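*Asks:* Each chain, written out:
2 protein chains.
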Amino acid sequence: MSDTAAQLQPHPVRNSVFLRACRNESVPHTPVWFMRQAGRSLPEYRRVREGIPMLESCMKPELVKEITLQPVRRHKVDAAILFSDIVVPLKAIGLDVDIKPGIGPVIANPIRTKEDLRQLRTLEPDDVPYISQAVTMLVEELGATPLIGFAGAPFTVASYLIEGGPSRTYERTKAMMFGEPELWSHLLERLADITATFLRIQIEAGASAIQVFDSWAGTLAPRDYRQSVMPASQTIFRSVAQYDVPRIHFGVGSGELLGPMGEAGADVVGVDWRVPLDEAARRVPPHTALQGNLDPALLFAPTHVLHQEADGVLNAAHAAGDRGHIFNLGHGVPPTVDPDVLTRLVAHVHETSTRSAT
Amino acid sequence: MSDTAAQLQPHPVRNSVFLRACRNESVPHTPVWFMRQAGRSLPEYRRVREGIPMLESCMKPELVKEITLQPVRRHKVDAAILFSDIVVPLKAIGLDVDIKPGIGPVIANPIRTKEDLRQLRTLEPDDVPYISQAVTMLVEELGATPLIGFAGAPFTVASYLIEGGPSRTYERTKAMMFGEPELWSHLLERLADITATFLRIQIEAGASAIQVFDSWAGTLAPRDYRQSVMPASQTIFRSVAQYDVPRIHFGVGSGELLGPMGEAGADVVGVDWRVPLDEAARRVPPHTALQGNLDPALLFAPTHVLHQEADGVLNAAHAAGDRGHIFNLGHGVPPTVDPDVLTRLVAHVHETSTRSAT
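Protein sequences appear in the order of chains V and Z. Start counting the first sequence at 1; every next residue gets the next number (the numbering used here). Start counting the second sequence at 1001; every next residue gets the next number (the numbering used here).
Do not rely on the hints blindly, as some may be mistaken.
What the hints assert, rightly or not - Here chain Z is said to cover these stretches of chain V; the calculated rule only asks that three of the stretch's residues, wherever they fall, bring their Cβ under 8 Å from a Cβ of chain Z: (1) 31-42; (2) 235-241; (3) 270-276.
Stated by the list, open to error - To give an idea of the interface, some chain V residues facing chain Z are shown, with a C-beta separation under 10 Å as derived from the structure: (4) Y130; (5) S132; (6) G165; (7) R168; (8) T219; (9) D224; (10) L299; (11) F300; (12) E309; (13) H331.
Note that these hints are calculated values from the structure, not bench results. Predicted, not measured: the structure shown is a model, and the values here were computed from it. Cβ coordinates follow ideal geometry from the N, Cα and C atoms, glycine included.
For reference, chain V alone in the conformation it holds in the complex (with noise of 0.2 Å):
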């Protein structure tokens, strides 16, 4: 094939339906994954991380890519997104951090004065060998279908630094945010350079889209993320702004901040199940496409519930107009669900989509 040729023809990844769906594009049909797709719902995902504790499992580069394709053998979705979790790059420039079973990370030394940030030094290439390595066998594998890149914002990975571990008000986070407005810049600041570059190295070895895990900002109110927070997750999406990759930003409970979260930087924005896909629709800058948003607890109803339920999705995404929709959760898959419920589902969102398509 000439150059020219190879030009013409679209690159099969690039054509895949969820990057097209990225780019507001015409699909056959509405392109489903989803998050925490690689995870303890799977009996093939138990049994490869049994005895190996959750982060060094994020570091071994063959176990990364077998963890990573489990879902899309089983469940045929129409992504992958590369296993790995918020607190990575942090252990990667050797902070003491842990991710305990039914708890989640916990920081040995919370950060909470200005001294406190020097543990978060830069974050070289060299520091994560296993991500790029995981990332160049995932492509190779995965041919047509996309690897979505995996990153935690500020925000949210504060919170845990600060808070020490897990919250539910996220006290001393908001303490820092409103008391010491220089730390918390500070703080942001440095965690932004971390996860661009995270971010940077996973697109540079091959990934095709990024998504950026602001998991816990709809703690906050508007005027709060936008003054406080939203300026670091714009220095994170301006700086892998230069790769053309579709870059997702996802928040839960975040209903009030999907216009800040689109303004941000984002091409595709995530909502939660709070917030219909046609009322996101206003909320959000124009051209910004959705993901979402069934509420992952209907993943426990009857199978006739959950496929309307479904339903209802992907009208509302239809009614939201001419944006590209991807299918997700509102939220990460629950651990204890029946795989076969989600691989079920995505032939379900798949066949109803096709027909409303054609």
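Add chain Z to chain V, keeping to what the hints say.
*Replies:* Relative to the frame of chain V, chain Z by itself:
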């Protein structure tokens, strides 16, 4: 005073700033109270509660009176709220429920089948003599300060009954809601009946407003709330409509539900800090007053930040137009807050809103 004169002379409680604001009438300053104002943030509360389990303390009328009055004395708030818990009426009809410190309500035999419903018999006034006793004493003592009656809404109470305790994902609750709609609606109807009785007892003993806490309804998509939850809450509001006392309806993270929570029959909708009040005004039905909505985490911020953000709430309420506004937090007072911060905040809101009212 003749009967006619007594009618012309407004009752001091009826003419209180709090009740006037609930009815969208003009006020000399914005009224203030705080959810969980009677609680662990106060040393005098910790003193009188010492050695007395939570639920037991809700059943001692003298103690309920004392605890309810404490924040009125200390902070000069514009309303008292009956010290109670949403599971008190369940305990009163014989359910094996306890409130575990640091956890919350724990149900010994969760309700998951039709047979389990038998645990929920009708509530009779004789089941809760301490409630009418406490309210009667309180009203006497409070003079011109209104007392708000207290109850949990069917969804939030059902979530504890089904899960067996607090939950983050409400998986079992939603599984019943989506999968066993008949059982679900029977459960919610029974809870609505119990709650309505619980509130009527308080109103007949002298409570001059009520607040229904549907704290966790915000976990539901609006369509699911309307279909599966709103009817039962409507039953409650309808059943106390005859008394002509303002009805407040509150939830956390319920930005998408403000419309239906108002339509359920509320005169006042409580808003958490995620939705600015001028935006909330666009979502609730006309003539609905608003309550809220300072982020409780701000109580840990420096005074100038706290007061500036409180002014932001007052400004947003002003921008919301001709509606009553009751200043409150977006959720309960955190137990670790310095109570002096709350006292100063009440004074600040009174002073600032007096200036802008004149």
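*Asks:* Check each numbered hint against the structure and report the violated ones by number, ascending.
*Replies:* Going through the list in order, the structure violates hints 1, 2, 4, 5 and 6 and respects the others.
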